[in-house]
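*Asks:* In case you want the letters, here they are:
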Amino acid sequence: MRQVGESPMACPVSGGGQIAATVPRSGRSHTATSYMDAVDVLRNPKLLALIHDGTEQFRGGTVRQIDGPVHKHRRRTMGTLLRGEGDDWFRNTVLLPTIARNLDAVLATRSADGLARADMVVFVRRAFFQLAASLIGLQGVDDLDFAEHLRVFCDPINKAMRSWYESGDRDAIMARGISVMEEFRKRYFEPAYEHHEELVAQVNRGERSADELPHDLLTLVAKGEDPELASDRSLALREAVTDMINAGTFSSAFTLLHSLAEMLGWFNDHPEDGHRRLDPEFLYGGVAEALRLHPVVPMLWRLAEEDVTLTSGMRFQRGDVIAVDVRSANRDGDTFGLDANTFDPRRPATPGVNAYGLTFGTGRHMCFGLPLILGSLGSNGSHVQMLRSMFEADIALDPDDLPVPPAGELALWDRFPVVFGCRGD
Amino acid sequence: MTWVRVAGNNDLSPGTFRQVKAGGQLICLARVADGRLFALSDECTHEQALLSEGELEGNEIECPLHYSRFELETGRATGLPATEAACTFEVRIVDGAVEIALP
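As they're listed, the protein sequences go chains A and B. Its first residue numbered 209, the first sequence is counted upward by one per residue in our numbering. Its first residue numbered 71, the second sequence is counted upward by one per residue in our numbering.
Since the hints were made in silico from the structure, they are not lab data. Be a bit skeptical, because a hint or two may be false.
As the list claims (entries may be wrong) - With beta-carbon atoms standing in for the labels, derived distance ranges:
# : chain 1 : residue 1 : chain 2 : residue 2 : range
1 : B       : Leu96     : A       : Val278    : 47 to 55 Å
2 : B       : Thr144    : A       : Ser417    : 30 to 38 Å
3 : B       : Ala171    : A       : Gly348    : 56 to 64 Å
4 : A       : Thr519    : B       : Leu120    : 31 to 39 Å
5 : B       : Arg88     : A       : Ala615    : 49 to 57 Å
6 : A       : Asn300    : B       : Leu120    : 47 to 55 Å
7 : A       : His478    : B       : Leu120    : 41 to 49 Å
The C-beta atom is built at its ideal place from N, Cα and C for all residues, glycine as well.
Given the sequences, and given the hints that come with them, work out the whole structure.
*Replies:* Here it is, written out as structure tokens:
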């Protein structure tokens, strides 16, 4: 493993805002801001994912931080959770019932005026905690109270993992997050792990059919499909926390809330599109635009293993650190048009360009949770399915309690109050 | 159009696929469960990755990198992140050999 020195690097993220990140660097630093340069960097096999990002206690050794054959194998193994048979199973057994369960619970609270009120920050985070818990293999995921408890319980973990993007003293935030992760391991992860080991043992003893095994991370681990995960329980825990508890809940909620906010604004400003509120393809256009304009990971980092020259002529020397400014790349006018800074669910597709920009990254480290968010078609993933259910239930902003915009580009709304049933039954 | 021999008819059993070369092009040759043979360009249209290193799922092939899917018969992209079709080639069996038509 390459050992390199560290020095702080300040990275422009949004208009005037700065984030302080500590990244390893032994050479010069560069920033790729155009879409094409960013794609070239992320797809170049000589530009390695940085091993250190200041949150190794959570992310160390996980699929997003390794390269080579081990990475390829683990990525393919974990990818089975959300593709092929896993895709159908997840959509029909987990995603759609979870949406219905959470929405029904809210609609059951209609008051005398016929409206049901909800805070969508809590709603979507709780729903995604149920999805994440199911993907890990935790027990009790159908229980809304358990999901709410888990959401609150795990919040310090998410805060610690996001702290890398924030300036100031991170020590206390990291210590609290690590402490909660340890508690999470004892209370939830270990019992579920042992349960899955027993299920797999029953299959091995011929007492249970392999078809009865759940589609989740802990089943993959218990079956030994990834040797490293099977032999290192703490690595399996970090994988669950990094990919499911953090990315699967915070990132998913962040992008869904932005999708909802943008679409509510669009339908308000464009009543002529009101008839398309339940059109999955139109909603996918909105989700892709929201993902493009509001990337939850604004910067990605690469380390040059060798000298590299991009198609554009941008040159890196061995040891250089390259920051990929995802937010700028996603708003590149040369790629997305002169109005790239504006939200337009009708934006025409550009051949060879992801409508959602580089929000999932690209290359061998492209977010493997993409199938959760977009499904196989864009219109059959979690975001369009949830938006469609919300619009079907006549969601609208609560005129008496409008949401206060987030404190910054990377922050989630504190509250996002809405009403359901605004058009009446 | 030129027909190029790329494999023996018995080289691929149903449900298997492999990379072949024809006229300098890399082609993924697949035989689906019902015995039909299909050939398409051995490169995902989303990003450089060999489809012949992916997985056969019914009548579709899945990219190993990001799980894009392509319909073997038409090359149509059926699963994100790929959105552009893969190039397909006509296939025929002649004297026990598989031939691919190159334009």
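*Asks:* Range hint 31 to 39 Å: satisfied by the CB atoms of A/Thr519 and B/Leu120?
*Replies:* With a Cβ separation near 22 Å, A/Thr519 and B/Leu120 fall outside 31 to 39 Å, so the hint is violated.
*Asks:* Please check whether B/Leu96 and A/Val278 have a Cβ separation lying inside 47 to 55 Å.
*Replies:* The hinted range 47 to 55 Å is violated for B/Leu96 and A/Val278, with Cβ atoms some 26 Å apart.
*Asks:* With respect to the beta-carbon atoms only, verify the hint that B/Arg88 and A/Ala615 lie 49 to 57 Å apart.
*Replies:* This hint holds: roughly 55 Å between Cβ atoms.
*Asks:* Determine whether the Cβ-Cβ distance between A/His478 and B/Leu120 falls within the hinted range of 41 to 49 Å.
*Replies:* holds (44 Å)
*Asks:* Measuring from beta carbon to beta carbon, are B/Thr144 and A/Ser417 in 30 to 38 Å?
*Replies:* holds (36 Å)
*Asks:* Taking the Cβ atom of B/Ala171 and the Cβ atom of A/Gly348, is their distance within the range 56 to 64 Å?
*Replies:* holds (57 Å)
*Asks:* Confirm or reject the claim that A/Asn300 and B/Leu120 have a C-beta distance inside 47 to 55 Å.
*Replies:* violated (31 Å)
Of the numbered hints listed earlier, those contradicted by the structure are 1, 4, 6.
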